Each structure stands twice: as structure tokens, then as C-alpha cells.
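Asks: Spelled out from the first residue to the last, the chains are:
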Amino acid sequence: MIAAEALAGGFERSVFDAQAVFRAVLSALSRPGQVFDLGERVRPPAPLTAAAGAVIATLADDTTPVHLDAAFAGTAVADWIAFHTGAPLTETPGEATFAIVGRPGGLTFDGFATGTAEYPDRSATLIVILDTLTGGPALRLSGPGIEGTAALAPAPLTPDFMALMTANRALFPRGLDLILTAGTRVAGLPRTTRLSAGGV
Amino acid sequence: MTAPAYNFAYLDEQTKRMIRRAILKAVAIPGYQVSFASREMPMPYGWGTGGVQVTAAVIGPDDVLKVIDQGADDTTNAVSIRAFFAKVADVATTTRTEEATIIQTRHRIPEAPLHEGQILVYQVPIPEPLRFLEPRETETRTLHALEEYGLVHVKLYEDIARHGHIATTYAYPVMVEGRYVMDPSPIPKFDNPKMDHSPALQLFGAGREKRIYAIPPYAQVVSLDFEDHPFEVQTFADPCALCGATGVYLDEVILDDRGGRMFVCSDTDYCEGRRGEAEA
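Chains as they are written, first to last, in our numbering: chain A, 1 to 200; chain B, 1001 to 1280.
You can trust all of the hints, since none of them are fake.
Between beta-carbon pairs, the in silico distance windows are: (1) Leu1146(B) to Ile2(A): 45 to 51 Å; (2) Ala153(A) to Pro1199(B): 20 to 26 Å; (3) Met162(A) to Pro1113(B): 32 to 38 Å.
In short, the hints are calculated from the structure, not lab data.
Here the structure is a predicted model, which means the values were calculated and not measured.
For each residue, glycine too, the CB sits at the ideal point set by N, CA and C.
Please model the complete structure; the sequences and the hints are all you need to start from.
Replies: Below is the structure:
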């Protein structure tokens, strides 16, 4: 039985909402450190948020398996994604094209596809739900898309986050790409971005 | 109104999602060619079907589109693609580089500096820089994986051995962020330096070859060369015959059958802008 909340709260104007969300995500991943506000385009069941829900509704479909972490167990989120995108849900991180991380304190990159040397694009994209993108401990960002350095202050995140991202960067051109979200806002952390502690 | 028989921007939503996912991975791996399920478009291969699909996946109702073909806004290819998007996406179009949010281009980068937030979409015929050196896709893919680019340097060296200088003048190979050798599409090598640390996002679409690749803003793009034969761009003896601009890329225009010719700006918008200023 599908809960009623899984059926409601999708895009109101799917073509134009998806285009606007995609452009914001494209901007976010091509200019790491900048934060983009999507507005409240979807109203998914908790603990999925407006930004994370909009991103998955924009990018996922029946060809992209989605993985949900333990934060979503027993909620209507799986049904909401299945109904609004048609994406198959998978328990196995290695099968996922997209993964939604609802417990960023326990974030791990273990098991996700990082692509191969020949096909580094066959890698997962992690959509991480946070409380804030600018109010946490400051991170300094550098790499493609950034003129000099940029700053981002996402929280809460696992204390290992810097080590995870450094290891991820070392895999280049393989690696995972992250879309960080908080409320209705998104920021991108593609595999190319180098992180260090402290602001700009 | 958008033509009623078509979805906004012509492509169906499933196709747009597939292209959008490819674009995001392309941005995350600068210079790497992402395979995508290129669709048939209502125009022949070679007319920019790759660029059109990228533009269709990116464009929104608030965008202002500029399309150029070899620098010109008023040639058949540019006019058709501009009219296509004006019809199927009902977007505003312009010839002014500064006003455009998306610029689709065949074989030129505008002379006016691009700014942050703009997207430059290149039409690409052969995306693989190693293709004429190694025809097998399985081999070129392995060469990219191993970062084995000796073949390209041999090609440039053979230019020097034969001509005394690097004779490659367009589609001049570049190294992106120190990792992938990339074909910049058949732009004149004059334009190569504009790709480096550009504030604009650069997206490349090859429809027939089914590849999308990208250069994020402020990314490092280096034209390949040798210490004793450094990369050089074309230079022109005379300024543009119409606007007097120097340091821009010029086209040769034949005037008669007795050898008469003139050199004029390839970028028509830049040339018109300068002539407008001169008159004002």
C-alpha cells in the first residue's frame, strides 16, 4: 500500500522545474563553492528535503538505480522516488547511479562505483542532505571551476570527511561526485575539487 | 507559443535527463569524452546535431541564445539553429556576445571576452584527438586510460620534420587540467588561448560520434607543443579591412577573379560593434 504522501509533492511544472534545477546543479558542479537556491519546487516526505528531492526528480529515471541510506528506512521516501521518477531502488551501493545520504555524520564512500580507468564516468553521484552549506566549519576549495580558492562550510559531516575527499581526489579521473544540499540550496563538490581546512 | 507538437526544446524529457547526466559527468571529469545516446535530430550530421542536443538539454525559457558559424551570426547553419530554438523553445535570440547566456558555436570562439555564467556550446565533428592516429576506439580508450599521448607528440613532431614548424592550424590538441588530451573542435588555433581559464562553462557535443565533453570555468587548458617549438597562434599582416581591428581572427574574402581580396573579421558581431562605435 502506497502512502498518500508518496504520491503528492512532485514538480508542478515538470519540464520547466527540471530545467531550472538542472541548470542550478550544472552551475554548482562547474563552480564549486558557490551556493544555488532551487526554491521549493517539490514537497517530498521527510526526511527527504526540497533540494535533494528536486535533484533526484530532475536526474533520476528508470535507467538510474537509486540507493538510500538508513535515514530513510521506514519512511515514504522510497515510494515517493519510485512514483515520481520511476527509478529502481537498490540496497547495493555498487549498483547505484545516485545515492541519497540522509545521515551525513555516518557518510562513507565504501562500496559506491567510482568508474573504471576506461570509463571514469560510470561512477555514482552522492546527494548529501545537510543542515547548512555555509554555517559549519570552513573548508577551502580549489580546482577546476574555482578562480583561486573558494569557501564552503557544510555541516554536519563525518569527522573523516576531509580524508574521504582526499582519497577520492587521489582516484582521479575515477571518483565520486557530491551534490551537497541544505533546505532548498545546493552546492557541488565534483571529484576534481581539492579540500583543505579554513576559509578563503 | 512553442510549436504544439513538440516538447519544450524539442527533445523529450527522458532524453534530456540522459544528456544532462552526461553533461554533469563531463564537467566532473574535464576533457574526458562521455558517451551518450545521441538522437536523430531534424538536421543532418555535420550541421551541429551534437551541439543542438546539448543546447536543448541546457536551455530554459529565460535564456538568450546566440549561434555562430565560423564566427558569423548570419550564415545558413547559424540562422537555422537560431530559428530552430526560437520555434521549439520560444527563447530570445541575439547576435550580441555580451547579451547571450548560451552561445552555440561552430568552429570559433567569439572575440569579445566571455563572462561568468555564460555557456559556450561547441559543435564537434570528431571528438577523439587520437582518431586519425589510431582508428580503433578500443585502443584510443586505453590510451586515454593510460594517459599515453606519445602519438600526438609524434604527429606534431612530424609537422616540424616536414614543414619546419607545427603546421596544425585548427583542431589543435590541448591538455585539460594536466590529464586528458582533448580535441577543441575545429576552431583555429588562434582561439586556443581563449579556452584557458575562461570564466564561461564550455560544453562540447558530437552527435554522430555520440560524445559530450566539457571544460569547467577557470580550468587549465594548455596547447601541446615542444620547448624548442612553442605553441604560437596565427598572426595577420593587415588589420580588418572593414573595422580596422588588429589581434583578431580574419577571414579572406575573394573580391573578383583578378586576384582582388580583402581580410575581414571572422566574428561578425565584433566587427559590426566596432563599426557602430566608429560611426557614433
